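So the sequence lines, in the order shown, correspond to chains A, B, C, D and E. Okay, so the first sequence: first residue is 1 according to the numbering used here, each after it adds one. Okay, so the second sequence: first residue is 273 according to the numbering used here, each after it adds one. Okay, so the third sequence: first residue is 793 according to the numbering used here, each after it adds one. Okay, so the fourth sequence: first residue is 1101 according to the numbering used here, each after it adds one. Okay, so the fifth sequence: first residue is 1423 according to the numbering used here, each after it adds one.
Derived by calculation from the structure, the hints in this document are not laboratory data. All of these numbers come straight from a predicted model, not from anything done at the bench. Every residue, glycine too, gets a C-beta built ideally from N, C-alpha and C. Misleading hints may appear alongside valid ones.
[As the list claims (entries may be wrong)] List time: in silico DSSO-like cross-link candidates among lysine-lysine, alpha-carbon distance up to 30 Å:
1) B:LYS381 with B:LYS488
2) B:LYS615 with D:LYS1150
3) D:LYS1150 with B:LYS398
[Unchecked claim] Quick look at which bits of chain D chain A covers, simulated, 3 or more residues with Cβ under 8 Å:
4) 1252–1264
5) 1275–1282
[Said to hold, decoys possible] Incomplete in silico selection of chain C near chain A, CB under 8 Å:
6) PRO846
7) ARG847
8) PRO868
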Amino acid sequence: MKRLDRLSLGGLACLLVLVVFALGSLAGAGGDPDAIVGPRLRPPGPGWWLGTDNLGRSMLPRVMEGVGTTLLLSSIAVLVTAAVSATFGIIAGYRGGYLNELVMRLVEVLYSFPAIVLAILVAAVLGPGQVAALASIVLATIPLMTRLVRAAAVAVSQRDYVTSAVISGARLPRVLGRHVLPNVAGTIAVQGTYALSVGIAVEGGLSFLGFGVQPPQASLGVLIQRGGTYMIAAPWLILGPGVVLVVAILAINVVGDGLRDQLEPRETRSLT
Amino acid sequence: ATGTTTQPSTGPQAEVEPGYLAVADDALPSGGTLNLQVHIDSGAATGYDPQLADVATTWQLLSLAYETLVTVGPDFSVQPLLAEKWETPSPTEYVFHLREDVSFSNGRKMTADDVVGSFERLLASKSVWRGQLGAVKSVTKDGDHTVKVTLKEPYTPFLAALANVPAAVLPMKEINDKSVDPATTLLGTGPYVVKDHRQDVSWTFKRNEKYWAKGKPAADTLNITIAPEEAARVAALQNGSAALATLGNVDSAGMLAGAGDVKVVTQATTDFYYLMLNTKAPASKFADPKVRQAIAIALDQRQIADIALGGKGEPSAVTPAGLPGACDPAALPSASKGIDDAKRLLAEAGAQNLTFTLSIYSTQPAPAVAQVIQQNLQQAGITVKIEQMDEAGWSGKVYGKAPAEFDAALSWFAGYADPGMVTKWWNPEEAGFNVGFMTPDKELNALIDAAGKEPAGAAREKALAAVCAKADADAQMIPLVTRPATVAFRTDALSPSLYSTEGYGNVLRLVADARVKKSQ
Amino acid sequence: MSLLSVRNLVIDYAGTRALDGADLEVAHGEKVGLVGESGSGKSTLGSAVGRLLPRPARRGGGEVLVAGEPVFDLPPAGVRRLRRRHLGFVFQDPIGSLDPTMRVGAQLRLVLGRGADVNVHLERVRLDDPRVARAYPHQLSGGMAQRVAVAMAMATSPELLVADEPTAALDSQVREEVLNVVFALAADAGTSLLWLSHDLPAVARRCDRVAVMYGGRVVEHGPAREVLGKPAHPYTAALAGSAPAAAAHGARLEPVPGRPPVLTGPSPGCAFAPRCALAADRCHHERPDPVRVRDQEVLCHRAGEVTA
Amino acid sequence: MRLLMWWSGRALSSAATLLGVSVLIFAAVRLMPGGFAETVLGPFATAEQKAELATRYGLDQPVFMQYGHWLGTVAGGDFGISMISRQPVGAELLARLPVTAELSLLAVAVSVLAGVPLGVLTAVRARPGGGGAAGRLLSGLGVSVPEFVLGSLVVFVFSRYALGLEVGAWVPLTQDPARNLATMVLPAAVLSVFAVSVTARTTRDAVMGVLVEPYVTAAVGRGESPWFIVRHHILRNAAAPVVTLLGTITAYLLGGALIVEHVFNLPGVGSYIVQAVGRRDYAVVQAGVLLAAGVFIVMNVVIDLLVGVLDPRLGVTAGRRS
Amino acid sequence: MTGDTPGAEAILELDDVTVTFTAGPPLRRIRLDAMRHVSLSVAKGETLGLVGESGSGKTTTSRVALGLHRPTSGAVRFDGRPFPRRRRELAGRMQAVLQHPHWSLNPRMRVGQSVAEPLAVLGRPVGDLVTEMLGHVGLEESFAARYPHELSGGQRQRVSIARALVTRPDFIVFDEAVSALDVSVQVQILNLVKDLQAEYGFSALFISHDLGAVRYVADRIAVMRSGEVVETADTATFYTAPAHEYSQRLLEAL
Ligand SMILES: Nc1ncnc2c1ncn2[C@@H]1O[C@H](COP(=O)(O)OP(=O)(O)OP(=O)(O)O)[C@@H](O)[C@H]1O
Ligand SMILES: Nc1ncnc2c1ncn2[C@@H]1O[C@H](COP(=O)(O)OP(=O)(O)OP(=O)(O)O)[C@@H](O)[C@H]1O
Ligand SMILES: [Mg+2]
Ligand SMILES: [Mg+2]
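Only chain A is shown next, with the shape it has when bound in the complex (with noise of 0.2 Å):
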């Protein structure tokens, strides 16, 4: 087994980090978050080591709460997703015929909308709140999976070693879990991190348009979009979570190109 390069072994650290730090949390580390504990919009200093907000609580337990929040939700939805399109995509592609052109056409249907938009519309009807954003996350990210996992199961379908596997009498689970499956992992994967920085990115979009989770729970798209209305102000407000924020959708790229390039072993050449 390949080891990760250096530089996804440093993301991977870097998500340890904070799902250690979205753990402490639970653990009720670093104070109740919803706790008013103080003057409002305080700069850091000591009872409140990261300032502050609007209402006087402390921002140090909220990030922690709000980067638990936001990786779980985006990571269930990404896993939701996973799930959802590597099973239609993978019975489109190796089925092909009215099977696939129903999958596709249903995907294509979700494509065409705008994601956000998707986003909003699912908000609306189910009512606010974490099922919303984590169906929206799943809608958003859906088509786009389900259609390169199919592509990439096309492909797979016909080489040789399902054929044989086919010959040796493998039944379809065994021929679609054993040897398309994880032919398609490196799409799964690579899409999986991507789908995980879109469903960050829709999550803190619905806050931002006022769909998100619920108050007074935090979630990293929550605090940045109350915190981008003190930039001034209190710039501590944004500082914290938007750090955390980038840093995690960057680790989360860097551990899937990383993980890409691992389970898809490409040789380079050199132009020279």
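Chains B, C, D and E with the ligands: place on chain A using the hints.
Relative to chain A, chains B, C, D and E with the ligands alone:
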């Protein structure tokens, strides 16, 4: 209510003259273009018919083109506008003497027929404002320039109610011969006429050349840009593409600190936030008045004002704080009780582990207010779940069904210009919009009606105090804090006039006085 | 001075030694066949001539001289100049070697320079149909595509053409035509040819000299008919005896016994020793040095004792 | 002839997609809580007023009748009347389309002009194992900064400090092209940051895929310079996935435009749809989404054609391999 | 000309099989007969060589023989019966070694796993069979832990041969299975095929355009040309006295 405040309130906004946050500099030349930005366009299926307008943003817009017989001054005194003067021969009779030099913007002179016709049209309409005018018995003209209104019974807020846009004088001749549809066309006696409008993008007004007041309006053109995103309005102020903008964030002053020529002022208003507790839902958690009283006690209005509104609001009773004659919120029965009383009341009602959902819309500062409420009530062992929706979803939930399905909801009332006016909304049969969640209280209704008849003075204040106390005990709609309006303008581009306190949510009330220093 | 001279070249891929001290000389105008089992390092050696190795390849030692210039020590621009002046390459996958998005004529023109007569060059590889120049590679048959590739490689009349199994992907009928074209063109231009192939009979028929590779080294090198007719290295002997086409019907061929080596570092002795019937003790521990047997140069401790 | 068949096939599947979108958006809009009546008429509206409004916009009929009627009028080019402005939706959309189109086109242009060279460069310089830490971080950074953050930041900074570009003062293109461009540059830049990253990445992947092709090795073997190989062999062969990506990016940009328009207060289609959703202005939401879907579908047809031209093996008109 | 039916019991019979491909957009489909009235049979224990130029329909014939493709018309019988509805019933009884060395192995599976797969499908224990099979095809035990991209083209094809042989099937299709191998390995594989055939008695359809290789392993030879079988004959007869004019031309090129 109880609790400790974490930060002293910042106190009233500095005034430049009694009752004024800013006074336009008459020495400056008139003319020029005034660029404004507001957060929302007025948009209603009923169109621009002033009589049907029921939200402050629409009133504000229509006030540029329409005028009423009387208006309110900086101290909420009623002042002449289209009526030069008036007499009240008896508590039920009002005789208005109209200005003779007033024309509609199409050039036609305004007559007593327009005034009478407007009254009759309003009284025959479905307008909510009918209720605010009291019981009008008759409207007659007495010559071309005199109009007499007779009430069935004395009604003290009558003149204050006449000062708002729904009571504007409409061009009745044109409306009657159908040459003008007030739903789509703005044709009034006001300082400006519409030149262009793109829904949700912009309005352009130009001065009404036929305007009766000499030297007004000062600015030739008014561009109103609709910018829903606060950051965009802040940006426009900073780079000078807007000379004045309304802001939603109570901390905007900090945001604009250091942006050289921008001045941020907070206009106090009589509007106030209130909490609705739905007693009509099946198995309502709030059926027992003790539960509602406990909530009223546990709420810390001062903390809400200080934290959620950054010290810019004031605790209010049913009569809006800031209006002459309003009752003192500190004197309310719930204000003198403490958390332990609230807990005791809950225990008596058997509702120790009360949990309920508070439905709010996502526009700031509603979420901030809701979160402070949540913290307040937690002190009394009440768990509040906040459910945040877009405004449409929220109004569907709150007003869409009868009986309504929500537990509790947060909203605000425009406080108007007389302390008795808004108290009417505590009578659901009269208000209409709250029949779905509010159970009528006969005693309270009787007190409200009684206060309406009482002429101004100590007796009225007593009657109003009784209303306040009764509403406080009823606690189906619990007044919280007044709702400040934040206005920012560029001192290098504009010299505006602004009241310190506004009753009808009209930031643009004095825009005809505003002097443009330089045009962008 | 020979045109190509590979001296003790060592090439490692991550974890695998592909060349373990290979030596090869190609003189001007010479046709040299490079044969050997799969994995013996033919392609690696062929690519090393033009420094065309894939990224993971590392040179562990030795050198490659083309027209006297050390290929691995030249700056990038120098290598490019060397390739343009002296070298041509033809690869195994005929259609893949052509840019799929460009018409054949355009590709040739790109190599030949503006204003060159594409058709002349196509005719030289016996593609007379004018439609060929207007076709896209995927519209050609494998044989046609390979002839286009040959035309492109030979367009600049290189001094050395390295052909890495140019006919492996083609039908037996088409093979001959393509080879005929390659050899005819090379003869006309006086180009030396390094032909990597599995087809021993064809190599014997067409080449002047042949080099046999095993375990990353050239184990025998000499005139083609001599090497393949009277091998001096046990491996060559085994290889020559195992072409199916040579067998009479019903006869059983004996392939080289055992498995080809997989080297991770330098071979301690002779890489063939584990499979060699003649292997002596020192064959396992002592790397053989070249010895001359008849006209052949052989890497074998017991070279003299082989009888084909 | 073959082309004709291809077109009819595409037209059919596009129509199916549009139909699907129409059903979905129609259903979604009607499922949204908060009736049009409370929203459009306000809390004080009486039952009669609500009923009258419903009758006026045909909202009292059974849903499938409404759908059928809507579909019929849309097919006739009539997108209905906005409940808020009481103006035809089609005209308003048309008036707003240029803003969004300009924004998206600028953003696409930026992403291609910046993303493709970046991608090529990082691919050609890539080390074994993915490499190019700087390039990876850079392209990762682009996708990490959501446009609402970047947008707010840019709006703030550029309005606070005179940096030569205006924000919050949009001018129609027809009125003053130069000033219009000056006000559009920043929103387009914000919008394109994500797209640049994705383009760069896709380009890098595509180029790396091409780099190992035998014809590239052949070109290297002929002694061609890297720049020559990139220009003549790599760009076109790597173009197909990048061009295909543009379809995705368009869809993405339409969504992103919505937020950017909101932040920069540009009167485009995106902000129109957001406001309409907020007010349950059914006709506008339906028409807006249908328009976005239509643009997206047309864009993809164009891209398919383009890819066919770029890679003759995939082309509609290409002959079969025999 | 149609295929003769030898006296021995046939494992596979193609009876007047035609395969027509349709391609292209609707309404303007191109019809192409990849196989035209082909009749062939492979007796138990026999190796049938199938030769012909590129595109003559060899691979299509193999796909039909493997039950991967349903013929447009005509009948296919395996072991005397038509193909069962569920492939599973034939699991382990037929295998194939396919044309493309690059894609013949799942790049995500180690060599050992690939070779063991047909056993796993059958639920049979693996034991030392994998190592043994790898040894048979001339690969060290250590190869079991490698991934396909770590192998040369020849090594890869040996692995897929090991995989095909591991269940000791009744019938194996070799579609250009040795074309990509170097001669010495070719002989190894061909010998292996012959040895294992002698040992286990499987039948084989051996497809190649290399007449030398076919001659080495096949008992009978069928020649295809543009979808039709033009000649079927015993190997000895064929190489000494080809009947069809096309066969004669093929032999000349050898
Ligand atoms: N890119 C690579 N990475 C790792 N090992 C490689 C790579 N390419 C080749 N090898 C190994 O290097 C050795 C020599 O390979 P090479 O391709 O030169 O052999 P060859 O003689 O050309 O074989 P064939 O006849 O199969 O083409 C083999 O053991 C092979 O496994
Ligand atoms: N799925 C398919 N759809 C359409 N045509 C096909 C399909 N598969 C094969 N063909 C066509 O059928 C004919 C026979 O193809 P087949 O692959 O059987 O030939 P072959 O003899 O195996 O050739 P090769 O030696 O190149 O492998 C060819 O013309 C091919 O283009
Ligand atoms: Mg090779
Ligand atoms: Mg074939």
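Hints versus structure:
For the suggested pair B:LYS381 and B:LYS488, the alpha carbons sit about 18 Å apart, so the restraint of at most 30 Å is met. With a C-alpha separation of about 43 Å, the suggested pairing of B:LYS615 with D:LYS1150 is violated against the 30 Å cut-off. Distance restraint check for D:LYS1150 and B:LYS398: the Cα-Cα separation of roughly 12 Å lies within the 30 Å cut-off, and the hinted pair is therefore satisfied. Taking a C-beta to C-beta cut-off of 8 Å, the region 1252–1264 of chain D contributes 4 residues in contact with chain A, enough for the three needed, and the coverage statement holds.
Residue count for the region 1275–1282 of chain D with a Cβ under 8 Å from a Cβ of chain A: 0. That is fewer than the three needed, and the coverage hint is violated. The restraint placing C:PRO846 at the interface with chain A holds, with a minimum CB-CB distance near 5 Å, inside the 8 Å limit. Nearest Cβ of chain A to the Cβ of C:ARG847: about 5 Å, under the 8 Å cut. The hint holds. For C:PRO868, the interface hint holds, since its Cβ comes within 8 Å of a Cβ in chain A; the closest pair sits about 4 Å apart.
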